Amino acid sequence: MKARQLTPEQALRVTKSISNGKQRSQLNISDFDKNFSFATESEVKTQSGRIRTQFNKTIKELAHR
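Throughout the sequence shown, residue numbering follows this note's numbering, covering 1 to 65 in sequence.
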């Protein structure tokens, strides 16, 4: 499955929310690769499943200490 491609403007919008403390003037559209892409929905579900499994395993291990 192909990852969704974002325009530099869309990437900037997403990155702006991620960057929290940075001033807008420090973020430049030219800083981003034009092929900036994000995980597909299925990739996100797969990874979140792995994280959830690992989290549950860690909680069980801590509970048995």
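No wet-lab data here; the hints were simulated from the structure. Some hints here could point you the wrong way.
[Said to hold, decoys possible] Cβ-Cβ distance ranges computed for the label pairs, FRET-style: (1) L62 <-> E9: 16 to 22 Å; (2) T40 <-> T15: 16 to 22 Å; (3) E41 <-> R13: 18 to 24 Å; (4) P8 <-> T46: 43 to 49 Å; (5) A63 <-> E43: 17 to 23 Å; (6) F55 <-> Q5: 30 to 36 Å; (7) A39 <-> E9: 31 to 37 Å; (8) R13 <-> A63: 37 to 43 Å; (9) L62 <-> S42: 26 to 32 Å; (10) V44 <-> E9: 42 to 48 Å; (11) T7 <-> S48: 24 to 30 Å.
Treat the numbers as computed from the prediction; the structure is a model and nothing was measured. Note that beta-carbon positions come from the ideal geometry of N, C-alpha and C, so glycine has one too.
Consistency of the hints with the structure:
Taking the beta carbon of each, L62 and E9 are about 44 Å apart, not inside 16 to 22 Å as hinted. Between T40 and T15 the beta carbon distance is about 19 Å. The supplied range of 16 to 22 Å therefore holds. Between E41 and R13 the beta carbon distance is about 19 Å. The supplied range of 18 to 24 Å therefore holds. Here the CB-CB span from P8 to T46 is close to 28 Å, at odds with the stated 43 to 49 Å.
For the pair A63 and E43, the supplied restraint of 17 to 23 Å is violated, since their beta-carbon distance comes to about 31 Å. For F55 and Q5, the Cβ-Cβ distance of about 31 Å falls inside the hinted range of 30 to 36 Å, so the restraint holds. The supplied range of 31 to 37 Å is broken by A39 and E9, whose beta-carbon atoms lie about 20 Å from each other. Checking the proposed 37 to 43 Å range against R13 and A63 shows it holds: the Cβ atoms sit about 41 Å from each other.
Between L62 and S42 the beta carbons are some 31 Å apart, a value that agrees with the proposed interval 26 to 32 Å. The hinted window of 42 to 48 Å between V44 and E9 is violated, with their beta carbons roughly 22 Å apart. Taking 24 to 30 Å as the suggested C-beta distance range, the pair T7 and S48 conforms, at roughly 26 Å.
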